[in-house]
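Protein chains in written order, with our numbering: chain A, 1 to 711; chain B, 1 to 555; chain C, 1 to 158.
Any given hint could turn out to be false.
[Unchecked claim] The calculated EDC-like cross-link candidates involving lysine to aspartate or glutamate, where the alpha carbons are at most 16 angstroms apart (straight line), are:
| no. | chain 1 | residue 1 | chain 2 | residue 2 |
| --- | --- | --- | --- | --- |
| 1 | A | K391 | A | E430 |
| 2 | A | K363 | A | E336 |
| 3 | C | K11 | B | D514 |
| 4 | B | K405 | A | E222 |
| 5 | A | K391 | A | E369 |
| 6 | A | K483 | A | E517 |
To be clear, the hints were calculated from the coordinates, so they are not data collected in a lab.
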Amino acid sequence: MDRLLGKRRFPRRPSALTSKTLVDSVVRLNPISLVANPVMFIVELTFFVVAAMAVFPSAFIPFSSIGDRGFYAEVAAILLVTVWFSTLSDSLAEQQAKNTATSLKQLETEVPAKKVVTEGWERQIIRTESTKLQKGDLVLLEKGDVVPMDAEVLEGIAMVDESLVTGESAPARKAPGDSLIGGSRVVSDTMTARVVTNPGESYLDQMVKLVESSKRPKTPNEVAITMVLFGLTAIFTMIIASILGLSVTFGLGADLSVLIALYVCLLPTTIGALLPAIGLSGITRLYERKVVAKSGRAIETAGDTDVILLDKTGTITVGNRQAVELIPLGGRTEKEVGEAAFLSSWFDDTPEGRSVIRLAYEKGYVPRELNALTLSEVYDFSANTRTSGVKLHFGASFVLPKGSIQRVRRKFFVEDASDQGMHLSGEETEIVKGAPDSLKAGFRVPDGFQELVEKIASQGDTPMAVARDHEVIGLVRLKDVLKPGTREKINAVKAMSIRPVMITGDQPLTAKSIASEVGVDEFMAQVKPEDKYGIVLKEQSRNHVVAMIGDGTNDAPALAAADVGLAMNSGTESAKEAANMVDLESNPAKIIEVVLLGKQLLMTRGAVTAFSISNDVAKYFAILPVLFASTIPALRAFNILGLGLQTAVLSALIFNAIIIPLLIPLAMRGVTFKPSSTMSLFLRNVLVYGVGGIIVPFVGIKAIDLLLGAL
Amino acid sequence: MIDAIQAATVVAMLAAALASGSLLAPYVVRVLTGSPSRIDRFLDPVERRVYKLIGADPGLTMGWKQYFFAALMLNAAQMAIAFVILVGQGALPLNPQGFPGLNWDLALNTVVSFATNTNLQHYAGETALSYFSQMTAIQFLQFTSAATGICVMAAMVRGFRAGSTHMGNFYVDFVRVLTRLLIPLSLVAAVVLVALGVPQTVGGYVTVKTVEGASQTLLVGPVASLVSIMQIGTNGGGFFGANSAYPFQNPGPATDILQIYLMLLLPTTLVFAFGELVGKKREVLPILIASFGLFAIDLAIAFIPTLPAVGPGIETRFGGFFSTFWTVVTTAVTTGSVNASLSGINPLGILSAFMGMLIQATPGGEGIGVMYMMMYVVLTVFVVGLMTGRTPEYLGMKINARDIKLVMIAFLIHPVIVLVPTLAAYATRAVDAIPGFSSLPTSVGFTQVLYEFASSAANNGSDFFGAAANTPFFNLATAAVIFVGRFAPIAILLALSGSMVGRKRVGQESLRTDSFSFSFVLMGAIILLVVLAFLPFLLLGPLLAYFQGMVNFLG
Amino acid sequence: MGLSSSNSKWKTYRPVVVLSVLSMLVCGLAYPLLVTGISQAAFPYQANGSQAQLGGRSVGSYYIDNGFTLPIFFHARNETNPQTASASGVDPDILLADALSQVPRISNATGIPAASLDGLVMSHEQWTLFVTGDPYVNVLELNLALISAYPSVYSAYG
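Only chain A is shown next, with the shape it has when bound in the complex (with noise of 0.2 angstroms):
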């Protein structure tokens, strides 16, 4: 399950036992800190009570029938401990929550900065540090420079190397609109961004807010856990005060110290110590994988997920599909379908179209036309039309007045158009390349293009046309590359009855291929980023938790939309605005991870929880028949363990004190489950912490009062 729920990216740090957690679980035994917790709080106000028993035993007369003033104080001591233990696991808890947010904090240290001051028609530089800068700052970033803050990037285009941040070790191309982490540093040109966060409402500082305990609102599930609990508390009060008042009418003498002792044996103060420490390690453990919650109530509804929107690219595919072949149509030569989409491909720098221009290099085909490349005009990919390309314009040097790339559209006449087509001086001619549905209007199309098409499609490879002048010449291959693992996590993911869909802007066949190499059995073909929302919404409608990753301004409505949305990092500023997640390492698998840990976060709480009632129901068999057995000899046969009522309470008490520091690396760690359907999750967890909570506490018990005995 390790592998399924990925690597933390950071060390765990141990979180040692230091005098200031120590301090700091001293500090918590206050009553008034201890009223968020009830079960705590009652446990805390009945040491008060054998307290006082200890010290005015006579006080207490009919219910001190031992009357032994160290019994007493044992008892005492042993419930102060018990709450110790407890405000101990939320020092510790909290601390190690601390310390994970401060390790991802410390990126971003003070740092020098230069900030941009314009005044007239005159820019000026001022330097300052990045503490000082305010939400709306310009500043300069040069090679060299660390980002001060969270900016956007408003002039130019530079290479930021953001391994520091996120782990990922090639620099990212960084052009107007993408958005900079602070922390990361400018290996190359020159830009100028804005800050986009004051000082201490960057996500890191919203972070290390959430694990503060005393700021971090209950989450539904863990109101929920309380409401159970609350409930068991009140019907062992009720048991407890009416065997006081049994024992009061009917004169049996049970001492009010062992009656208190019984009650806080069947209280569920395992899990109520342990609720709040669970809770916040949950956090840490995203944190560890560099995904920042802006609330633990996000991380719930992760693991209360039922469907999930995968992009394909990113999440199924590694994102960069290759070229791999090249095909000629309507009787045009290879050669000439790569020169154009080499052509086409020149400005498009992603990594699909360099594996264009890597595979006509080499297979030698380097088109003549390149130096008119200097003079094209470039239409970018449009996710309206989802095609890109360049019209050449061959002889003809226009010098435009100022500025370098600006793109032009102009028509040039040529009076002595021979028939030497495209070489001729003046003479242009248009290369567009783009998914083959959207080159089909106002394209020519050849014979067998459709066919062919579909083929590829339906190999699970992306056919791309390439037109030139509106005659589609042939197709170029695209190959997607799986992720490694993907299949395994999409499993794991569908036995857990969670729906993956798959989301592509790919073709149907395409996509139907892909989908189900992978295991996927549901996708949406040819989605667009603005269909994304609706989805959302129509997911939502038949009552789904819908958990989706984004990262354009386009996303943003579809992620605040979501349940779950994971921002990634490399994303625009309204995107992370608009989830309630971000992954750091802006890596679009996570989603997946990010779920299973809600999920785990979710059962560590539900298997403690069942772990602490049947240990509350264990106890109450194993001490309620020694509590009759001491008066009423016929019941005799129901004191198993063969115990005596002095040496009962004091092991049953120890018992239930101990257990808490037991199960505190459990709380911390987590459970390891294996995805599986709710009822088999839940019979195994019964087997493992329903009944292993049932036997443990009668061997632990019997330990205990034999090691009493023995001392």
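Starting from the known structure of chain A, fit chains B and C onto it as the hints suggest.
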């Protein structure tokens, strides 16, 4: 232990109940959903006239609060009528024996008890109630309380149904349940009971000279009409103080088996009706398995000891086996009628009786059993969800913290209203007022007092004391417990269901509640909850008696 | 305004008041009286308590203990054995074995041969499960059979 023939008898009785229940359920569904039926031709005009007469618009739909308050107000008005009749029976007709009116506290206890389907009786009918009271107070409330139970169950189930917008119309439900189900069924059963020897006359008690020449009074009266609705409606309050142990109420094996069958009939039918009412037939499975599985466990516990052919408190014509069988059935469906004295039943039989009254859903009283079972299902679904890391769903609806709060409160009411008055009865020395009762801490005494309040809280009505508990404390305390034990859970569970109205559904549930594994988990959860809450007290009562070697509670 | 408010109150409570009275009349009077009518017409014997006739007069009900105390009759209540205190206290049945154990006393008192009495008892055997279960006899039934079988012995009761 029971022999093979007795075991076969039990299995055959349960099979008969299940078969009849599954056959009758579609008809009951038609009654509760207003679906067309062949008898519409006769009953539609009658019901239309009733709606016009009472001034209720049958097309009006109610939310949970309206529905609950309509039920509560109607029940209160009916109690008021019955109270006046009981207190004033001396001046009313059909009183051939000339019985005087009841004391106000006994009358209050009686009307609360009967209007809530409890039928705890602190009087002996043959020496306290006129024919008029037996008919217009007792039989009347036996009909209306059973009808009310079925109505509120129908309302609760409607809330859980997908696409629900309301909980129905209480007046329409109430009228239809009476005219189309309870009155016809009781009429037929009453005539069959008469044919089998149960008297039905308003001519007054008959005095004869016996064979040896002594004078003897035969306590005949309108018995059969009462017995049929008391069993069909899971009421349990008999014409006689000895209830169905009295020969005129239960002359022999044939009427005994018929009455056991009638007790089981509607509770079983309503379990089957649940699936169709909620819109998912398969959802009957967990409720059916859990209720009858727990019922079977209760029976198995009760049949552990050797059952004597005769013994104190046992009628010869029924023997130990039928007396014990009846005791478990009457508490499993919280009817509360008896065909033997509880004091004559083995402590393990009484333990089984306690289980029936503490769970209240095995399969439980008219309608209320299904409501409790739905409550247990919600709770179990929630716990399973917690343990598997999912927000729990039932019938496709997410179960939230507020739902669980309501369920918890509904569950917690029961132990409070059983334990607090039990302790109070001892602490205030109120038990001393019961003739012949020893207030010493004995397992026998404690069992009897605990049973009194467990029976009241579960709206069962069987008890050890009978008319001996006709003291101001027990009359008022049990009346209060009965009232809270009836209306508080109904209000809370209707509120729960009300919040389900229109709640979003997921297409596919992660946890299938209509599976065998869930059914057994549900059963385990119910046992655990009830054992947790009541073990110490059962340990001091029937279990202690059993371990002290007692074979009955006459010690 | 006072009128309209009391009007609307009546509108709210009218179903409650009228329906409770109506249901009382139907369930509490019409129903039991209808059952009484049918029963008296169809099953007058059972409906009036299944009374036993002896010498042209009613001597009690077959379902109620007739209170036999004379040694010449079978007894349903045997004071020497407190174990027989039943729930109702008026049931007329005793176990077959209890009936057989009374045969010597009756035989002594009447001179009827014990074997004949045994045979009479056996011929009136009933069972808690119709044809199986615990065997028992109805004492009134048995004694009436005794009277009709030995009219000379029981001439005072014919």
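Against the structure, the hints:
With a C-alpha separation of about 4 angstroms, the suggested pairing of A/K391 with A/E430 holds against the 16 angstroms cut-off. Note on A/K363 and A/E336: the hinted pairing holds, with a Cα-Cα distance of about 12 angstroms set against a maximum of 16 angstroms. A distance of roughly 44 angstroms separates the Cα atoms of C/K11 and B/D514; the hinted pair therefore is violated under the 16 angstroms criterion. As the CA atoms of B/K405 and A/E222 are separated by approximately 14 angstroms, the hinted pair is consistent with the 16 angstroms bound.
The straight-line distance between the Cα atoms of A/K391 and A/E369 is roughly 11 angstroms, inside the 16 angstroms bound, and the hint therefore holds. The suggested pairing of A/K483 with A/E517 holds, with an alpha-carbon distance near 12 angstroms, which does not exceed 16 angstroms.
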